[in-house]
Amino acid sequence: MRSKFITLSIAISTLAFTLSAQAHDPKEHMNNAEKPDCAAMENMDHSKMDMNDPVMQAMMKQCMGDMEGMEGMEGMEGMSGSEAPQGDKPAQHGNESSTEQTGHNH
Amino acid sequence: MAANKFLRCGKCLMITAVVAMLGCLAFLYSGLYPMGADVPHNGLTYWGLETMRERSIARAASAIEVPNDLASSERLLKGAADYNAMCASCHLKPGKNQSDFTLGLYPAPPNLAQKGDEHGHDGGHDDNTYALQRQFWIIKHGIKASGMPSWAPGHDDERIWNMVSFLQRLPELSTRQYQVLTARSDSTKERVH
Chain A
1 MRSKFITLSI
11 AISTLAFTLS
21 AQAHDPKEHM
31 NNAEKPDCAA
41 MENMDHSKMD
51 MNDPVMQAMM
61 KQCMGDMEGM
71 EGMEGMEGMS
81 GSEAPQGDKP
91 AQHGNESSTE
101 QTGHNH
Chain B
1 MAANKFLRCG
11 KCLMITAVVA
21 MLGCLAFLYS
31 GLYPMGADVP
41 HNGLTYWGLE
51 TMRERSIARA
61 ASAIEVPNDL
71 ASSERLLKGA
81 ADYNAMCASC
91 HLKPGKNQSD
101 FTLGLYPAPP
111 NLAQKGDEHG
121 HDGGHDDNTY
131 ALQRQFWIIK
141 HGIKASGMPS
151 WAPGHDDERI
161 WNMVSFLQRL
171 PELSTRQYQV
181 LTARSDSTKE
191 RVH
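Chains A and B are the protein sequences, given in the same order.
According to my numbering, the first sequence is numbered sequentially starting from 1.
According to my numbering, the second sequence is numbered sequentially starting from 1.
These are computed hints drawn from the structure, not numbers from a lab.
There are no misleading hints in this set.
Okay, derived cross-link-like pairs now, DMTMM-like style, lysine to aspartate or glutamate, Cα gap no bigger than 25 Å in a straight line:
(1) B:K93 with B:E172
(2) A:K35 with B:E74
(3) A:K48 with B:E74
(4) B:K96 with A:E34
(5) B:K144 with B:D157
(6) B:K144 with B:D156
(7) A:K48 with B:E172
(8) B:K93 with B:E74
(9) B:K144 with B:E158
(10) B:K93 with A:E42
(11) A:K35 with B:E172
(12) A:K35 with A:D45
(13) B:K144 with B:D38
(14) B:K115 with B:E54
(15) B:K93 with A:D50
(16) B:K93 with A:E34
(17) A:K48 with A:D37
(18) B:K93 with B:E158
(19) B:K93 with A:D37
(20) B:K96 with A:D37
Anything over 10 Å on all C-beta distances counts as not near chain B; from chain A, calculated:
(21) D45
(22) H46
(23) K48
(24) M49
(25) D50
Computed from a predicted structure; not experimentally measured.
The beta-carbon is built from N, C-alpha and C at its ideal position, and this holds for glycine as well.
Chain A on its own, in the form it takes in the complex:
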């Protein structure tokens, strides 16, 4: 009886410890998160944007809601990572020039 009680106590305390150490959910960061400042993207020359650049694609995804109906942005809505154009290929780096084209360099 006593050993059962000890076993149960150890099991409960181990479970409590394990639960407290579990992964923190990314949503936890969102409580005091700021919204993306998409206004700057609206003023950019979209003909110079490189839609194959993963940075550009990621920014478009972030600003999709704000940029609906913008010229050249049609078809980007609802684009998932797997549907994204060639930029999602493993080629790492090499997009410095295309990032320049976003016109965000100061």
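Starting from the known structure of chain A, fit chain B onto it as the hints suggest.
Just chain B now, kept in the frame of chain A:
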């Protein structure tokens, strides 16, 4: 005769080793070494610690398999948000050159908004695959007595790779790009499960 000489030499070496060991112990217990983060290590200690760190990471990280979709925009976005929440206060971001942590921590955390050859903490390797393996390993396991924690408890490998993905593009981002990528939009909330 020769054996006698060998024995005498061995005895001398043994005595020297014991004296050296006792000297080291006496130094350890004397409290003379400055442990404050505001006093840098001497050259020998710094070299020893750095060499041990880099050799240890190289041995441990060399077998890590690098995912082939590291450049994807999905990984970039997920990693960006985590970097901003977990790393930027020490490793900085575009438009920020110092923080209380970078000023006070020793060794100072590298400014990851700069390229490897600019911040000088890339391990001195030209091999891009190893650079990725090294970053993954350091984020996952941390580094003893450096202020760099292990993020393995609470973060799976995929999440750590997302941060590695973001690090590859961070040095070339402008402040505005950084803001857009790291912000938590409504669509980000939908993406995060």
